[in-house]
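**Q** Listed here are the chains, written in short residue letters.
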Amino acid sequence: MADARPLFEAENRLDHFNQDRGRLLAEVERRVMDRRIAAAKLEAESSLEYVINDVCFAETKRLEKGGDAAHVERWRDLSRRLLAMSEPEKEAELRALVAYYCRDVVGNFNPKVYRFITGLAPSLLGFVFSPIASVRDGMRALAQLEERISVDGELDVVRACARRGTLVVTPTHSSNMDSPVIGFGLLAAGLPTVTYGAGKNLFTNPFISFFMRNLGAYRVDRRLRFELYKDVLKEYSTVLLENGYHSLFFPGGTRCRSNVVDKNLKLGLLGTTVTAYRNNLRRGEHDRIYVVPVTINYRLVLEAETLIEDYLAETGKNRYIITDDEFSRIGRILEFVRKMLVHEGSVMVRFGRPMDPFGNDVTDEGDSVDRAGRVIDPASFLRGADGEITDDDQRDGEYTRALGRRLAAAYPRLTVFHATHLGARVLYDAIAAQNGTRDVYRLMRSPKSRLAVPISAVLEGLGALRARLLGNPGWGSEHPRLSGQEDQAVFEDAFRGLSTYHTRRAVARESEMVHVDDVQLIYYYQNRLAHVPPVSAAEAS
Amino acid sequence: MSRRADTVGVVGAGPFGTALASVVAGAGRRVVLWSRDAQVVEQIRRDRVCPRLPQVKLPAAVEVTTDPKVLAREAHLVVLAVASTDARARARELGAVLDGSHLVVHAVGALARGEGAQADVDATTDERVSEVVAQGVPTLRIGVLAGPALPTEMARGQFSSMVVASAFDDVIRETRRLINAPPVLRVYGSHDLIGVELASAMAGAYTIALGLGDGLGLGPGPRAVLITRAIAEARRLGEAAGGDLKTFSGLAGLGNLLVRGVPPSAPDEDPERVADERRRGQGAEYAIGLALARGTLVEDALTSEGARAALAVERLARRLKVRMPMLDMIAAVLNGRLQPKEAARAAADTVAAEE
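Sequences listed follow chains A and B, in order. So the mapping is simple: this note's numbering equals the position in the first sequence, first residue as 1, plus 1. So the mapping is simple: this note's numbering equals the position in the second sequence, first residue as 1, plus 513.
Heads up, none of these hints are tricks.
The following label-pair restraints were derived from C-beta to C-beta distances:
| no. | chain 1 | residue 1 | chain 2 | residue 2 | range |
| --- | --- | --- | --- | --- | --- |
| 1 | B | 568 | A | 394 | 39 to 47 Å |
| 2 | A | 536 | B | 644 | 22 to 30 Å |
| 3 | B | 568 | A | 51 | 54 to 62 Å |
| 4 | A | 165 | B | 848 | 51 to 59 Å |
| 5 | A | 223 | B | 848 | 52 to 60 Å |
| 6 | B | 848 | A | 465 | 27 to 35 Å |
Cross-link-like lysine-lysine pairs, in silico, DSBU-like; alpha carbons within 30 Å at most:
| no. | chain 1 | residue 1 | chain 2 | residue 2 |
| --- | --- | --- | --- | --- |
| 7 | B | 759 | A | 267 |
| 8 | A | 267 | B | 834 |
| 9 | A | 91 | A | 235 |
| 10 | A | 231 | A | 42 |
| 11 | A | 62 | A | 42 |
| 12 | B | 759 | A | 264 |
| 13 | A | 264 | B | 834 |
Bear in mind the hints are in silico, worked out from the structure with no lab data behind them. For each residue, glycine too, the CB sits at the ideal point set by N, CA and C.
This is chain A alone, in the form it adopts within the complex (with noise of 0.2 Å):
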């Protein structure tokens, strides 16, 4: 549970989002524009000919997968008469593209939206979780809901941190439900409003797009891959940070499909933070940013059952953007909040002790620190031998990486295993001792009877590796729901979830043996513990 701290009490610096939209954009736009005229300049491969083209090959070549024939036209044509263009010309007509893109990614924050969620009940997640009940059944829910989802950590440094500077959460990626779960814990914290981007695929379910369009979320349309609009997005990102608005990116990118805890981060976005604080220093304004690692723990995953296949399937580079799974089924969201509002502490929202762009620590009030615990000026990272900011981007690009790496490391220990993440793993170790191999595919193709485990085992099983966990907090640790628990109840517990969720069974129970059902289902929910080694290799060690 969040502490008692009142809600609401953080500015919400998105409400002067609107207004500040124009001039956002217009700055956008011309960075980019400068940077790429400039580079144009330079060297031939960056001529404004190759910038447009390569949008124009791009475009052509995702219109023509997806069978859009009536839009391909369009960039054909502009192709074409690229080779008759004057200079100037061509400088306009990226111009028109870069302002094209520059509004497609732009978010928009309706206070008004804002107000009527947050008034009506202290959750954006309510109204999305109860929105076809009545206003008194939302209600009834909400107050439930909150006590389902949980939200704990260093509240109050990352309070502080937001008081002194801008915020950038980044949460690990399970489910299309983070963006609304880690809505509802910042409200739930004390914390302020966040913008973020999300795929355009969300958006096409209305429902949800609703609420995204008009609450400060700018869109990312992962199909494409040219340059030049990832220069849009990220400029869009920085322009953002430097102008105090508090961000959230997904540094795992998109959802993780194994459920592994994220350890492999895309770095695009997160590198707009030292981007951005290098900007402000410039500008003379010391304004901090700060990085917070926070992670969304859930006792069950909504869209599990697609994510595991289609990781195991190893289909996961050519269906990047899945729009067929469980989400985009309203019914199934429905039910999954349903089923989620049975269980008390569903969901757990751990953030993390903020770190500098650099991946350095901070005291409780904000300072950053180096590893030997002294309190350090971050902005001496971007200086040069005279005290002076200076411009590197392969610097800063290995800045990014470092906070990368202190991310990836820390996303470990905040995480909290639910009984259904304890149970999988002592059931996948059980089934894979008996089959004398942890190959998933292996496993997969096993009988049946040797997919059995005594109800016994598991109780031994659980109660040696939540002994693990608590001697290794840097792992993780389970929910505190659970501390004080017999091992019996949390079997129970995870039983309880890992049978009657999800459309297949996982788990069965005959007589005194558990029955594992769905061998990837247990995999993914076991995958949460991946990082904890087996045993044996840690007796070994």
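Based on the hints, put chain B in the right spot on chain A.
**A** Same frame as chain A, but now just chain B:
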């Protein structure tokens, strides 16, 4: 460029630090040399001679101080030229005076000894010096300077080469700009920080094997096999650890092994060189190998840089599942699990795989 941007800070007035300061200052750059030893500082100020490399007359462009604040204030680039056993303590001291803008390059050709006090560090696991430096100083812009550059040869003006490696371009660029002093010292650049540090440390471990081989009376043929197989397996480990294959046959790997694996000079051969070797502890690993072959007890053998590197790299190889028969044999001999002659026989028996 400003005066600070053109100044090199050198930590440690040992033979290498002194030789480097001399060569760099001789090439027209300003050097601030920090030593904790007040007597050494006094002698350099008075006589322009460092007692640890007395054959060198230090140019006036080398300023010497006992105050690390002076070093931090005057130099943007700092070279840590201390023994591996001192690296952690010096990095901590530097941490109090440096900030995030400094560029720090270490010239320690070994691993730093693990420290039990740190919660996340296994007390028996040695670390790469850049990792130790990173724990001590605030800056992230860290690199390594390595290669077969001997202080006496540098002092005599013989040509030598080193490589600077860092993830940061500006560390490589500035180190090369400020340390390059042709024809005496040429500095190459690399992004392979891990590879250069491992190659440099492993050279110490393999030097023990060369001493061992020579002590057992193996001829030039087997010696050549030892060297080439050492490089081959070092490359395998380096790649698995995230390094670049090329690094291990470069200055930090093969270069270091060739210079360290030379038998120490006979006392009447070249007094200056012999004295230098004694001061630098050069030949220590080779001498350990020789002594092991002769069955003599070697005092502190397991705590020498080469032996520690052998044991640490053996553990690393096991973790990364890399086959390293030569290193395993060195570790086994050091641990007393294998007699030197058995090790030589095992080396001869190693299966030759297709490569």
